[in-house]
Amino acid sequence: MKPDCLLLQLWRAPARLASLTLPEWDVLLAQADSANLTSSLYYLVNEHVARQAMPPAVWRRLNGARVLAERHQAAARREVGRIAIALRDTGVPLILLKGAAYTMAQLPSGQGRLYTDIDILVPKARIGAVEAALMTHGWVASGFDAYDQRYYREWMHEIPPMTHMRRTTTIDVHHAILPLTARVRPDSALLLAAAVPVPGEPALYYLAPADLVLHSATHLFFDGESDHGTRDMVDLDRLLRHFGRDPAFWAALPARAAALQLARPLFYALRHAIRLFATPVPAPVLAEVDRLARPGPLALALTDAMFARTLMPSHASCQDGWSALARLGLYLRGNWLRMPPLMLARHLFHKAFISPKGDAAKV
Amino acid sequence: MVSLALAWRLTPLQRLARRCWEGECVVFNDVTGDTHLLGDEALTILAHLASRPADGHSLQLLFGGNFGAEENEEFLELLRHLGQLELIEPCPP
Amino acid sequence: MSPVTTVGAMPRALLAKRLAQGLHLQTGPFITCVRTSIDVVVDGIARLYADYPVSDAGYADFRLTLAPPPGLRRWFRPQVCAEFDLPSHFLPMPRAHAFAMFEWMMNWCISSRVNHYLIIHAAVVERGGRAVILPAPPGSGKSTLCAILVNAGWRLLSDELALVDPESGMLIPAPRPISLKNQSIDVVRRLVPSAVMSPPAHDTLKGSVAHWKAPSDSVARADEPAMPAWVIYPRYQAGAALALQRLPKARSMMRLAENGFNYSELGAAGFEALGDLIERCDSYDFSYSVIDEAVAAFEQLLGSP
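One line per chain: the protein sequences are A, B and C, in this order.
Read the first sequence against my numbering and you will find it ends at 361, with the numbers running on by one and no gaps.
Read the second sequence against my numbering and you will find it ends at 119, with the numbers running on by one and no gaps.
Read the third sequence against my numbering and you will find it ends at 338, with the numbers running on by one and no gaps.
The reader is advised that the hints may include incorrect statements.
Claimed, not checked - Below, simulated SDA-like cross-link-like pairs (lysine to any residue); rule was C-alpha separation at most 25 Å, straight line: (1) C:K214 / C:D76; (2) C:K50 / A:L20; (3) C:K239 / C:T98; (4) C:K239 / C:V225; (5) C:K50 / A:A314; (6) C:K50 / A:P159; (7) C:K50 / A:S315; (8) C:K239 / C:V220; (9) C:K50 / A:V25; (10) C:K246 / C:A42; (11) C:K50 / A:E22; (12) C:K50 / C:A100; (13) A:K122 / A:P159; (14) C:K239 / C:V323; (15) A:K122 / A:A206; (16) C:K239 / C:R80; (17) C:K239 / C:P226; (18) C:K214 / C:S241.
To be verified - Quick list of simulated restraints, FRET-style, between CB atoms: (19) C:E291 / B:L102: 26 to 36 Å; (20) B:A31 / C:D318: 39 to 49 Å; (21) A:A139 / B:E112: 22 to 32 Å.
None of these hints come from the bench; they were simulated from the model.
We put the CB at the ideal spot given by N, CA and C, even for glycine.
All chains should be modelled from the sequences, with the hints used to inform the complete structure.
Given below as structure tokens:
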């Protein structure tokens, strides 16, 4: 019996928000908090329920989350501006990924978002220049030990996160969207070539619409971390609905996925978006993606069972007895996809026993 | 290198809120999210630069001019400090 | 949201049963669903929260669970994991510290989640319709001074969290057991031999910690906001002469901003709320070493216009 969830039910059918009882609000907010979606929920609720019709305590809580998210977004914008200044002289185009892209491009998926880092994509050949320019402007490399530094630089798709000395903000500089050791190698040159200028900001770009969707899908379905699964699915649903208003977007999506070797994550993304949010996806697109990337029946059954749980909010009311196992499966699976088996074993061994940093008990 | 000849302007897009008591002001910059404690002199400089950019010499005239060597150094330090706080910046060439 | 009963009106067995499932405890404007079977926490709530209402509205602003961690640690060195809606951010702790941890987590819930009040790390007491805000970093003797004043008849609004309503400028009460550390535990024991206190937890990160039951009158008046009149920065120093020194308002505002939990998050609104507060209040630095002198100094404040 797969877990169900009030939060997702209401996301699919938000009109029902207007008639929730106080105990139902209680559960809904707890689920939203566990998925970091409370601030996004504010906007959804705001569309369907008048403030006077809501219990005051509920409105205050939602509004408080919104206030926080707006501060985050203002801070993210400032930070992007500073990064642009720091990299101006390198001549490297600044391509924003994920949350920073959604905010600067004013996409619906940016609304209510909370930030920890800013993510940018630059050509691999220019990484050194970018790192140097950031350091000149006050960012410092993280205090990783030598093993982790090498792990990052040799095998990962990004350099270790850099933190600004005074502002304590963090930037992740990527040169690819998947690690170099992963089984598929989406070509960053293709992503860079298709990047779209951010309206009103001459030096800033974000990934083209199809690439934003594919990156989000990749991030979700290849990564080992699953505590932001619901959040990421909400993003995907919003991106697909927003860009999907243009038929040309749908027409080009399957071929683009194939060109970037990301048809499989797109398959999962569409499958679960439809299941969770009834995202409107044109039938021909589904058929083409199916043809390109449908997994074998056993793999499909396993991943269905896994994702049915890991994409739920982590709140107990959305989980069942299989959920912990599903999360463990996802962590191992995530790393498997990103790193060949021998390296994986060595990496996990190192992380569990040698690494000096904090809590190694992730597995 | 900060000299009195360097021209300054308010950092663009700034929105400042202030509360002043007895010659001291608490200033909030909505763009950076920073809160500062500034004296009257700093506020006078910011108010002037709000209308147009100016160099160190012109700004000194707001306080009657006639600065000695030590006072010059303190004044430059104040300008540097306001620059570090990102309230003002050197004018682009 | 009308409360059905108070903690004290419930038989102990019923209280334990309700806590095991999740009891909705009201403290000032907040309802916390507290779930625990740990005996020291159940005891602490039974004794120190006797006056507090239990809500049956089916809604909680926060959820707290305190439970022993799974596995062997449960038996060999009894420990406690605290869960605040999500998996724990806090280290497991010795069972004897569990009630102290409960209190810290109650503070954590408010200070990290609430954005409709400006929250300052400070104690708040009130008398004659005017309130004193006592901000202070740890080690300044704020909790001792707060305890002394409460014992001298000042109403307790909070011993840790000043809640400022940005719209009205009023201070919102959320009175809870007063936390005492190290020497202040002895001070209160001497002053109030009949004080209802939790057993001290020794060797915590903050030394010895105990909690003192808030006066029933303060809890009964938890829905009565207070107008702020003074911001007083206390400093206990053994042997120091009593000194009450006026502090320029701009400097006081900066200090309060530094002691704010959510000042940055509130942005311009936080700035304006803080500015209004400082405008309304007189600010002082206050050093003391003798309890009676401190109490008398505060009485004198009340006499001033």
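So, going through the hints one by one against the coordinates:
{"no.": "1", "hint": "C:K214 / C:D76", "in the structure": "20 Å, holds"}
{"no.": "2", "hint": "C:K50 / A:L20", "in the structure": "23 Å, holds"}
{"no.": "3", "hint": "C:K239 / C:T98", "in the structure": "22 Å, holds"}
{"no.": "4", "hint": "C:K239 / C:V225", "in the structure": "23 Å, holds"}
{"no.": "5", "hint": "C:K50 / A:A314", "in the structure": "21 Å, holds"}
{"no.": "6", "hint": "C:K50 / A:P159", "in the structure": "48 Å, violated"}
{"no.": "7", "hint": "C:K50 / A:S315", "in the structure": "21 Å, holds"}
{"no.": "8", "hint": "C:K239 / C:V220", "in the structure": "17 Å, holds"}
{"no.": "9", "hint": "C:K50 / A:V25", "in the structure": "21 Å, holds"}
{"no.": "10", "hint": "C:K246 / C:A42", "in the structure": "16 Å, holds"}
{"no.": "11", "hint": "C:K50 / A:E22", "in the structure": "23 Å, holds"}
{"no.": "12", "hint": "C:K50 / C:A100", "in the structure": "14 Å, holds"}
{"no.": "13", "hint": "A:K122 / A:P159", "in the structure": "16 Å, holds"}
{"no.": "14", "hint": "C:K239 / C:V323", "in the structure": "24 Å, holds"}
{"no.": "15", "hint": "A:K122 / A:A206", "in the structure": "19 Å, holds"}
{"no.": "16", "hint": "C:K239 / C:R80", "in the structure": "23 Å, holds"}
{"no.": "17", "hint": "C:K239 / C:P226", "in the structure": "24 Å, holds"}
{"no.": "18", "hint": "C:K214 / C:S241", "in the structure": "6 Å, holds"}
{"no.": "19", "hint": "C:E291 / B:L102: 26 to 36 Å", "in the structure": "28 Å, holds"}
{"no.": "20", "hint": "B:A31 / C:D318: 39 to 49 Å", "in the structure": "43 Å, holds"}
{"no.": "21", "hint": "A:A139 / B:E112: 22 to 32 Å", "in the structure": "24 Å, holds"}
When the structure is compared with the earlier hints, a violation turns up for hint 6 alone.
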